[in-house]
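*Asks:* As a plain string of letters, each chain reads:
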Amino acid sequence: MAAAREIVIVGGGHNALVAAFYLAQKGLKPLVLERRAVVGGAAVTEEFHPGFRCSTVAHAGGPPLPSIVRYMQLAKHGLEKLESPVRLFAPSPDGRALVLASDPSAAARQIEQFSKKDAEKYIELHKALERTGAILSDLLTLTPPVIEKPSKGDLWKLLKVGRKFRGLGKKEMMRLLRWGPMAVADFVAEFFETDLLRAAVAARGIYGAAMGPWSAGSTALLLLRAASDPFPVGNSAYPRGGMGALTKAMAAAAIQAGAEIRTGAEVEQIVVKDGAAAGVVLRGGEEISAKRVVSGADPQRTLLGLVDPVHLPPSFTVKMQHYRCKGMAAKLNLALDALPTFSALKNSSEGNAALAGRIHIGPGIDYLERAFDDSKYGDFSRAPYLDVSIPSILDSSLAPAGKHVMSIYMQFAPYRLKQGDWMQQRDALADTIIKTLAAHAPDLPGKILARQILTPKDLEETYGLTGGHPFHGELALDQLFTMRPLLGWARYRTPVKGLHLCGSGTHPGNGITGASGANAAREILNDLR
Amino acid sequence: MPKKYDVIVIGGGHNGLVNAAYLARAGKKVLVLERRYVLGGAAVTEEIVPGFKFSVFSYVVSLLRPEIIRDLDLPRHGLEILPLDGTMTPMPNGDYLWRVNDHAKTRRELDRHSKLDAEAYDEFAQSMVAMCRFVKPILGMIPPDPTSLDPRDWKKLAFLGKRFQSLAAEDKYNLVQLMTMSAADFLDQWFETDVLKATMSASGIIGTFLGVRSTGTAYVLLHHYMGEIDGAFRSWGFSRGGTGAISSAIGAAAREAGAEIRMEAPVARIMVKNGSAQGVALETGEEIHADAVSSSVDPNLTFLKFIESRELPGYFLEEVRRYKYRGSSGKVNLALDELPNFKCLPGPGRHLRGAISISPSTEYMERAYDQAKYGEYSRRPYIDMVIPSLTDPSVAPPGKHVLSCFVQYAPYKLSSGTWDEQREAFGDTVIETIAEYAPNLKDIIIGKQVITPLDIERQTGLTEGNIFQGELSLEQLFFLRPVAGWARYRTPIRKLYMCGSATHPGGGVMGAPGRLAALEILRDTGKGKR
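Chains as they are written, first to last, in numbering that gives the first Met the number 0: chain L, 0 to 528; chain P, 0 to 529.
Derived pair list, reagent style BS3-like, types lysine-lysine, alpha-carbon separation capped at 27 Å: (1) P:Lys171 - L:Lys148; (2) L:Lys126 - L:Lys170; (3) L:Lys170 - P:Lys272; (4) L:Lys496 - L:Lys28; (5) P:Lys323 - L:Lys126; (6) L:Lys325 - P:Lys171; (7) L:Lys156 - P:Lys155; (8) L:Lys151 - L:Lys496; (9) P:Lys161 - L:Lys148; (10) P:Lys28 - P:Lys304; (11) P:Lys155 - L:Lys148; (12) L:Lys25 - L:Lys75; (13) L:Lys148 - P:Lys135; (14) P:Lys28 - P:Lys272; (15) P:Lys526 - P:Lys272; (16) P:Lys171 - P:Lys155; (17) L:Lys163 - L:Lys126; (18) L:Lys163 - P:Lys155.
The following residues of chain L were derived to be distant from chain P, with all beta-carbon distances above 12 Å: (19) Glu46; (20) Asp93; (21) Ser114; (22) Ala251; (23) Lys345; (24) Pro399; (25) Asp426; (26) Arg492.
Label-pair ranges, simulated between beta-carbon atoms: (27) P:Ala124 - L:Ala74: 58 to 64 Å; (28) P:Arg493 - L:Gly152: 41 to 47 Å; (29) P:Pro265 - L:Glu123: 36 to 42 Å; (30) L:Gly401 - P:Glu191: 53 to 59 Å.
It should be emphasised that the hints constitute simulated quantities derived from the structure, not laboratory data.
Since we're looking at a predicted model, the values are computed, not measured.
Ideal Cβ placement from N, Cα and C applies to all residues, glycine included.
Work the whole structure out from these sequences, hints included.
*Replies:* See below:
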């Protein structure tokens, strides 16, 4: 039998690749084991119809932390950022539309058509998010402290964040403390009077979560996201070649640094000997021994699926079973013969340029809340919230000349249906999404050449996301920071010695930022020191 | 001009009276001004139907702080609390869930529904008590300011930190969850019987515009769990003579200590000069001067109605306007010819002596909330009923009964129509809902009083009919209540204080805000002359 490897990494998603790079950089030779034929996890570009490629699951970046992009030299490895001058286009049923440019003052001028007051407030919100974001972004790269017994290092880091926090001044400090637990519907109402604008901003607080805009704590999620990008409605930058190009660049960087990547290698079991991780067993029986195992898979898959429960304290297992990880999201990818015509853009000077960013379907707070209501009782939304992009407008490599791909993120589709199962309901879901879009772009159905629908069940089965949760577990107040995934286990370690977590189920665990992977690598290196 | 009073207390609700009693006991010359003909604010007993005494709004006690009962010697002033025996939840399938104060009995009853839940129930109770012990001192604490560098604030925060450390590991975990989760999610971790979870989660939403699946409701669950009579957590009771008897007892204690109480004396404005409160002017035009003013009414009335906006900093005003009320509950009080007859447990019996809860499933509770979100009252609401006349015969003629129904959700702002138009229909919905479980109800009603959030506002002055003077949501608690930076009973106007439920630790017939505010006023002004 071969000598034990220093480190084996389960899964080849973006966080695992970031961790692999950081570990390889320090001279370790991590082996990344990816179940599928492609690396990238949920950040992949796949051809879903001949000639048509798109980011099949995640279609917008977190965005990746600039420090990680720089450190990994991703640009050198082929990452090219495409940025649309229009960030967001939000049509409304009354035929009007909100078109928000990337430049905040230009966006404010566009908002003036709806409300002068909102235009001013938009700039104010942008600035407020910049200020709070500067503080919260420090938290992203921090290992959550142990609440019970913070170490000196923890206290020092927290003190540093605390000092920055104090720099905000009393009024803003209090405001930030007040905002955190609030419902995002209340938060946006403090700034805007236009319902469409309120909804477009509030969507950022519910994206990927089992929450509606009236759910308390949704503001925290918006603030967490603003820490990576202070623009009120989020970003609209894509890698050329789709999200897969990002993870490809990450993989290339990791390999160059000394990591090894094996695809088509599904880990079936994490071997534990004498309470410590000792390696993995692959599907087919191959055993790879290792001194440490790092899992990029979600916490439930890792600790309830891959580890034999006898190696875990029963109370830990019970808590892990209660970790909330039931997804609410689905994805529909369309191959289009031509661009659809949005009614709201007919009289707009922007024309199709408005479609190059993200398209927000969710014209009011009540609309978003009602979409959520359906899901609480086990139905998918009959009028869902959609976050759409047509990446082929900026990136012609994704579709044949003149044709397009449309990537539609849909919310809310509960993992567990009250009636029937996802095999029976998948077409009904796709039809509902298309019907919802067709209300704004009536010629869309006639332009569809092919479609790929990914239900929460598909996200689980194909992409390994337990419960179909795109973020490896609810981003709710009780599952964030020192509580992600569980209170007492937020430091990328587990009850099994030498078994680490590095995926989105750890802090900060939100979208494609890579921060979880980098934080985990830092902690592993600390342990090795 | 000679000042007749040291302190004027605006509002004769339970907090105003507690505040006045503590101040008077310390030797202050105190005047309480009450707008209505009856003392108590939302804690009143009124004879609406001849012969029947309704606890019009607030109808059970348990949160009243024991130190207040002791300090003010309330039993001597007529306070007598009669224990409420358990909670019965009728179910649509004809079954029921009936928990009583007798532990062994409750255990057998839970066993009938789920063996696992019967086990978990004990553990749950132990854990909740541990957490109540942790939270209890916070209720008696002036909130620290986490943004301040004052060592006194840090001492308090360190005290909380130390206490947290002293909790068992499991309790720490539970406490953090309790502060951040929804009641339904929290209970899901403990129990499997849906009707049990639904009934327990109900105390997480009482008085708030939140659903059982809304984050933050787990904390309110604890807030209510803390109900304490004779040191036992989670025991509730009636006050003999109705809830108004509590107010009368506190009023008597205040009077005995020397406080003066004027009825039917509505305040029109607070007089402010050079940024300092001078006294109040009544609606009659009469001006009364005092060294300090303590307002037990909510921030909306205090700062937006009684004070001219130019006297207050813009930022503060903005925050006061932002403070959320969102009344979500109504009340239906019924005078009954005989007892209601429940299908699940026919005939009279002990099950009628406790609370009766219409909360058959978590989904039922959540759907009730869904309607309210869009501005409609729930067509099948959550109802918490009591029949106080069974325990306290003094509130109804012999053989007859009072049925007091707390109803949620009834949003203050309706999406269509007004509450004046909808009042009758709302009352009928409540009666229909109960009649599904107790079919004889419609035939035994002698008289009724339907109270909408609008009526609560009109009669008690509580803005938007919020029974807690503002939502008990996380962003409006502790050092953030009612306005961040102004959580210590003081206001931007010198010598003007707040002492109502809109201050820490919030609503319920608890009295804590009134007492804590009195201690702060005494700290600022020194003890009185006597």
